[in-house]
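Construct all of the structure, not just a fragment, from the sequences and the given hints.
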Amino acid sequence: MGLTDVLFGRKKLKEAKGERLFAISTARVTLEVELGLKPARRAAVVFKPLSSGDFVRVENETQELLDVAARETMSKVSRTEDEFGFNWIVIEDDDFEDLVATVHLVASELQARGFGQQLLAAVFRFDGAEHPVYFIYGFKRGAFWPFVPTGEEKGRDNAKELELKAKLEHELPIEQDLTRWLALFDAPV
Amino acid sequence: MKRQAFGRDRGLTLRILATGGLLGLLYVVFGVVLISYLNVGIVPIILILGALAFFQYYTSDKLALKASGAKIVSEQEAPELHAMVERLAAMADLPKPKVAVIDSDVPNAFATGRNPKNAAVAVTTGLWRRLEPREVEGVLAHELSHVVNRDVLIMTLAGFFAMVAGLLARWALYSGMFGGGRSRDNGPPVFLIVLAVSIVTYFLSYILIRTISRYREYAADRGAALLTGAPEDLMSALQKISSGIATIPQRDLREVQALNAFFIVPTNWKSSFGELFLTHPPMEKRLAALAEIAREMGRPVH
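So the protein sequences, as listed, match chains A and B. The first sequence begins at 1 in the working numbering and counts up by one. The second sequence begins at 1001 in the working numbering and counts up by one.
Hints were generated in silico from the structure; no laboratory data involved. Hints are not guaranteed to be accurate.
Only pairs whose alpha carbons sit at most 30 angstroms apart, straight line, appear in this in silico DSSO-like list of lysine-lysine [stated by the list, open to error]:
#1 A:Lys-11 x B:Lys-1285
#2 A:Lys-165 x B:Lys-1117
#3 B:Lys-1240 x B:Lys-1285
#4 B:Lys-1062 x B:Lys-1117
#5 B:Lys-1098 x B:Lys-1240
#6 B:Lys-1285 x A:Lys-165
#7 B:Lys-1096 x B:Lys-1062
#8 B:Lys-1071 x A:Lys-154
#9 A:Lys-154 x A:Lys-14
#10 A:Lys-17 x A:Lys-38
#11 A:Lys-17 x B:Lys-1098
#12 B:Lys-1096 x A:Lys-12
#13 B:Lys-1098 x A:Lys-14
#14 A:Lys-17 x A:Lys-160
#15 B:Lys-1096 x A:Lys-160
#16 A:Lys-167 x B:Lys-1096
#17 B:Lys-1098 x A:Lys-12
#18 B:Lys-1117 x B:Lys-1071
#19 A:Lys-76 x A:Lys-38
#20 A:Lys-160 x B:Lys-1098
#21 B:Lys-1240 x A:Lys-11
#22 A:Lys-154 x B:Lys-1117
#23 B:Lys-1285 x A:Lys-12
#24 A:Lys-14 x B:Lys-1096
#25 A:Lys-17 x B:Lys-1117
#26 B:Lys-1098 x A:Lys-165
#27 B:Lys-1098 x A:Lys-11
#28 A:Lys-167 x B:Lys-1117
#29 A:Lys-154 x B:Lys-1285
#30 B:Lys-1062 x A:Lys-11
#31 B:Lys-1096 x B:Lys-1071
#32 A:Lys-12 x B:Lys-1117
#33 A:Lys-154 x B:Lys-1066
Not everything, but these chain A residues come out facing chain B in the computed CB check (under 10 angstroms) [claimed, not checked]:
#34 Asp-5
#35 Leu-13
#36 Leu-50
#37 Lys-154
#38 Gly-155
Note that the Cβ used here is the ideal one computed from N, Cα and C, for glycine as well.
Quick look at the structure:
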């Protein structure tokens, strides 16, 4: 937040920082070897679409983006909308490296189309523990954080999350401010 | 290809600058006059009031929550509200604020807190019940924009010398009434000068502060449009809220008047004095500004 934001009110949202997404590819080895967590074959990018007057253009551009992603990679790409009005682009791929690459491609395509400020997060899922483990990449923060929902009403396993933070801190850019660890309970992955 | 900022509104920026400048100038003149007439007598008063204002600013989240009867709710008590606030805060790159609910049928909401780390947003049960989720989201985004723009700090700073002026006017009045007039070098009595200067300062700063407050509302509306990407949701929310407020009897509303500056729509929004004395811009103007932002968003990216 700059001084001008405070004096005159903020006039744009923070741009997305997507460049550190690839760190999850290397962290995956530690997750698998040391913690027995295997990546799921699905990941997702979540963003807030603009519901402006020119709805058709936005719609076309998102569709175009899905086509580009599907053409350039072997991943399967689809889109859903959630109850909060956020759009999810769900990516499926058997190979984790390709999965991460496609997530990055989708994010940079959105940025190239001028939706960089609307990007919220990317979500990667890992299985093998008691509860599914998610790694959420916050585009505003340029960092990851773990998210372990217990399946009960909006419960999250904070102990497990902190353990994951400690384990992965050296190879993954982990968000240090715990108040920023956004939960995404209904992630379609 | 980079999307341009929406609702940049150079006019609003210039108006904020001009009003802020005028208020600053007014306070400087006020200070100079007081110090030249009261010598050092004014310094302790300013220090005490400064401490008071700082205390008010520092505890603004707790004070406002208490004054409004808002109750902080846990994630289990209000899961949807929490989830909504959490996502919007992440979009705004803010830490998640405290979430509170006011048990009142008047649909309204406010945000408070000295900085983003100590912020709180509160909504009334009436807001939650009467508005669609998208509209509630628009309202929450407006409140979070107040947090982003540090409006509690701005309004505390803007209001500080007005508080000093108000107090001095009262003091001068009493000392004039009971203490008699000691005059300096055959000039008019000191208390009379202090009284006049304080009253003028108070009156002018009152108008300027309210003007700034209205500009901050436009800025928060713009922030909400950015956060949700959907200015029309806030527009329909504002319409619902204002019509709801207008139909509810005045008697119920008196208790909440002190909080007006922080509410999304003030409870006494109809004023016979016109816009000059209002903390919030008139509804038509807010809707027009939001419509302009919606048009800008619809424009193709270059």
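Right, here's what the structure says about each hint:
1. A:Lys-11 x B:Lys-1285: holds, 19 angstroms
2. A:Lys-165 x B:Lys-1117: Status holds; Cα separation ~22 angstroms.
3. B:Lys-1240 x B:Lys-1285: This hinted pair holds, its Cα atoms lying about 16 angstroms apart.
4. B:Lys-1062 x B:Lys-1117: holds, 13 angstroms
5. B:Lys-1098 x B:Lys-1240: holds, 25 angstroms
6. B:Lys-1285 x A:Lys-165: violated, 49 angstroms
7. B:Lys-1096 x B:Lys-1062: It holds: about 16 angstroms lies between the C-alpha atoms, which stays within 30 angstroms.
8. B:Lys-1071 x A:Lys-154: The hint holds at about 20 angstroms.
9. A:Lys-154 x A:Lys-14: It holds: about 28 angstroms lies between the C-alpha atoms, which stays within 30 angstroms.
10. A:Lys-17 x A:Lys-38: holds, 26 angstroms
11. A:Lys-17 x B:Lys-1098: Holds: Lys-17 (chain A) and Lys-1098 (chain B) sit about 27 angstroms apart, inside 30 angstroms.
12. B:Lys-1096 x A:Lys-12: The given pair, whose Cα atoms are some 19 angstroms apart, holds under the 30 angstroms limit.
13. B:Lys-1098 x A:Lys-14: Holds, because 22 angstroms separates the two Cα atoms, which is no more than 30 angstroms.
14. A:Lys-17 x A:Lys-160: holds, 27 angstroms
15. B:Lys-1096 x A:Lys-160: Holds: Lys-1096 (chain B) and Lys-160 (chain A) sit about 21 angstroms apart, inside 30 angstroms.
16. A:Lys-167 x B:Lys-1096: holds, 25 angstroms
17. B:Lys-1098 x A:Lys-12: holds, 24 angstroms
18. B:Lys-1117 x B:Lys-1071: Distance of about 18 angstroms is within 30 angstroms: holds.
19. A:Lys-76 x A:Lys-38: With a Cα-Cα distance of about 20 angstroms, the restraint between Lys-76 (chain A) and Lys-38 (chain A) holds, given a limit of 30 angstroms.
20. A:Lys-160 x B:Lys-1098: At roughly 24 angstroms apart (the allowed maximum being 30 angstroms), Lys-1098 (chain B) and Lys-160 (chain A) satisfy the hint.
21. B:Lys-1240 x A:Lys-11: Holds. Lys-1240 (chain B) to Lys-11 (chain A) sits at ~26 angstroms (cutoff 30 angstroms).
22. A:Lys-154 x B:Lys-1117: holds, 23 angstroms
23. B:Lys-1285 x A:Lys-12: holds, 22 angstroms
24. A:Lys-14 x B:Lys-1096: holds, 16 angstroms
25. A:Lys-17 x B:Lys-1117: holds, 22 angstroms
26. B:Lys-1098 x A:Lys-165: The given pair, whose Cα atoms are some 24 angstroms apart, holds under the 30 angstroms limit.
27. B:Lys-1098 x A:Lys-11: holds, 24 angstroms
28. A:Lys-167 x B:Lys-1117: Distance ~27 angstroms between Lys-167 (chain A) and Lys-1117 (chain B) Cα, so the pair holds.
29. A:Lys-154 x B:Lys-1285: Answer violated: Lys-154 (chain A) to Lys-1285 (chain B) is near 40 angstroms, above 30 angstroms.
30. B:Lys-1062 x A:Lys-11: holds, 29 angstroms
31. B:Lys-1096 x B:Lys-1071: holds, 17 angstroms
32. A:Lys-12 x B:Lys-1117: holds, 21 angstroms
33. A:Lys-154 x B:Lys-1066: Cα-Cα ~27 angstroms, so holds.
34. Asp-5: OK, holds: Asp-5 (chain A) within 10 angstroms of chain B, min 7 angstroms.
35. Leu-13: holds, 5 angstroms
36. Leu-50: Nearest chain B Cβ about 4 angstroms off; hint holds.
37. Lys-154: Result: holds, 5 angstroms to nearest chain B Cβ.
38. Gly-155: Hint on Gly-155 (chain A): holds, closest Cβ of chain B at ~9 angstroms, below 10 angstroms.
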